[in-house]
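So the protein sequences, as listed, match chains A and B.
Each residue of the first sequence is one higher than the last, beginning at 1 in this note's numbering.
Each residue of the second sequence is one higher than the last, beginning at 1 in this note's numbering.
In case anyone wonders, no lab produced these hints; they're calculated from the structure.
Some clues are possibly wrong.
As the list makes no split between identical chains, a pair holds if one copy fits it or if it spans any two.
Said to hold, decoys possible - With a cut-off of at most 20 Å between alpha-carbon atoms, the simulated PhoX-like pairs for lysine-lysine come out as follows: (1) K145 with K94; (2) K7 with K52; (3) K52 with K4; (4) K88 with K52; (5) K4 with K113; (6) K75 with K52; (7) K128 with K94; (8) K113 with K2; (9) K7 with K18; (10) K7 with K113; (11) K18 with K52; (12) K128 with K88; (13) K52 with K94; (14) K18 with K88; (15) K7 with K127; (16) K94 with K7; (17) K127 with K94; (18) K88 with K145.
Computed from a predicted model, the values in this text were never measured in an experiment.
Number of protein chains: 2
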Amino acid sequence: MKNKIDKFDLQIMSVLAKNARINYRQLAELLNTTRQRVSRRLERLEREGVIKKYTIIPDFDRLGYIYVAIGISLKPGAPIEKIIETLKEDEEVKVIQRAIGYHQLIVHLVAPKNMKEIERKIHELSKKVEGLEGMDMSFVTDIVKFELV
Amino acid sequence: MKNKIDKFDLQIMSVLAKNARINYRQLAELLNTTRQRVSRRLERLEREGVIKKYTIIPDFDRLGYIYVAIGISLKPGAPIEKIIETLKEDEEVKVIQRAIGYHQLIVHLVAPKNMKEIERKIHELSKKVEGLEGMDMSFVTDIVKFELV
Chain A
1 MKNKIDKFDL
11 QIMSVLAKNA
21 RINYRQLAEL
31 LNTTRQRVSR
41 RLERLEREGV
51 IKKYTIIPDF
61 DRLGYIYVAI
71 GISLKPGAPI
81 EKIIETLKED
91 EEVKVIQRAI
101 GYHQLIVHLV
111 APKNMKEIER
121 KIHELSKKVE
131 GLEGMDMSFV
141 TDIVKFELV
Chain B
1 MKNKIDKFDL
11 QIMSVLAKNA
21 RINYRQLAEL
31 LNTTRQRVSR
41 RLERLEREGV
51 IKKYTIIPDF
61 DRLGYIYVAI
71 GISLKPGAPI
81 EKIIETLKED
91 EEVKVIQRAI
101 GYHQLIVHLV
111 APKNMKEIER
121 KIHELSKKVE
131 GLEGMDMSFV
141 TDIVKFELV
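My request is simple: use the sequences and hints to build the entire structure.
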């Protein structure tokens with residue numbers, strides 16, 4: 001059985017959301033506890049998948065990329081599992097979120113700063129999505145905030 | 001003047017996008033180079049803001065939260081800088097992306113698993129956005145992939 005998430009778990013994760021590279025010692029100091037307690041708890045959060053991933057937010061502009069957020073609407077009965085499996089393999093597809101509501105799939109992709117190339121990429125993507133109803137595209141110019149916990 | 005991003009920078013960032021908590025020694029082994037070269041380069045990427053942030057992706061379901069992605073359309077002339085400053089202060093607003101295209105602002109928020117509470121939260125948000133034209137809401141049920149580099 002999985003443990004219930006408590007306040008201490010949320011405190012650890014909130015610090016890591018701001019700086020995922022902080023070490024056990026610093027974490028313990030910040031949360032006014034011992035290194036052992038922090039490491040034990042963090043290992044559990046990782047093992048149980050409460051923390052799914054440690055990752056980075058880059059400056060896409062500096063990398064020479066354009067970052068596109070695409071909201072995808074699917075026709076009723078579209079094979080969403082199969083679509084996700086196909087998109088997962090695509091190196092340029094950086095984020096895949098499954099959703100209900102206005103969009104059923106949110107996909108983020110990066111492409112070089114070249115509109116012809118982006119057009120090609122989006123055309124390619126649209127062919128990979130069986131039962132595609134529509135795609136709404138936004139070009140992300142800045143990630144102002146990103147702290148999921 | 002800022003340095004140009006080279007292949008080695010991208011390799012480092014690609015590893016960190018998969019696991020941001022990897023240490024210098026492991027990074028150096030993976031990339032077949034020295035710990036010194038890795039640490040020097042990484043410090044530069046941080047200093048120059050090419051890596052904007054190290055963060056975590058949690059399992060929202062385990063945290064007891066609902067995760068909502070909101071695409072916002074603004075009326076022409078809406079004060080986007082001011083809107084962003086207001087939203088930044090909101091603890092429940094976890095992600096703010098500025099964009100051009102279909103949406104001009106993408107906001108992610110978390111709320112407890114309580115539809116009345118979510119309704120209240122979204123209503124509150126809509127009042128904070130001066131010049132709001134429309135909001136498209138999707139409830140994220142799973143983050144299948146998240147590796148921005």
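Each hint, compared with the structure:
no.: 1; hint: K145 with K94; result: both (18 Å within a copy, 7 Å between copies)
no.: 2; hint: K7 with K52; result: within (18 Å within a copy, 27 Å between copies)
no.: 3; hint: K52 with K4; result: within (16 Å within a copy, 32 Å between copies)
no.: 4; hint: K88 with K52; result: within (16 Å within a copy, 24 Å between copies)
no.: 5; hint: K4 with K113; result: between (45 Å within a copy, 15 Å between copies)
no.: 6; hint: K75 with K52; result: neither (30 Å within a copy, 37 Å between copies)
no.: 7; hint: K128 with K94; result: within (15 Å within a copy, 30 Å between copies)
no.: 8; hint: K113 with K2; result: between (45 Å within a copy, 19 Å between copies)
no.: 9; hint: K7 with K18; result: within (17 Å within a copy, 27 Å between copies)
no.: 10; hint: K7 with K113; result: between (44 Å within a copy, 17 Å between copies)
no.: 11; hint: K18 with K52; result: both (16 Å within a copy, 11 Å between copies)
no.: 12; hint: K128 with K88; result: within (11 Å within a copy, 36 Å between copies)
no.: 13; hint: K52 with K94; result: both (15 Å within a copy, 17 Å between copies)
no.: 14; hint: K18 with K88; result: between (27 Å within a copy, 14 Å between copies)
no.: 15; hint: K7 with K127; result: neither (45 Å within a copy, 30 Å between copies)
no.: 16; hint: K94 with K7; result: between (31 Å within a copy, 18 Å between copies)
no.: 17; hint: K127 with K94; result: within (18 Å within a copy, 32 Å between copies)
no.: 18; hint: K88 with K145; result: between (25 Å within a copy, 7 Å between copies)
Checked against the numbered hints above, the structure breaks hints 6 and 15 and satisfies the rest.
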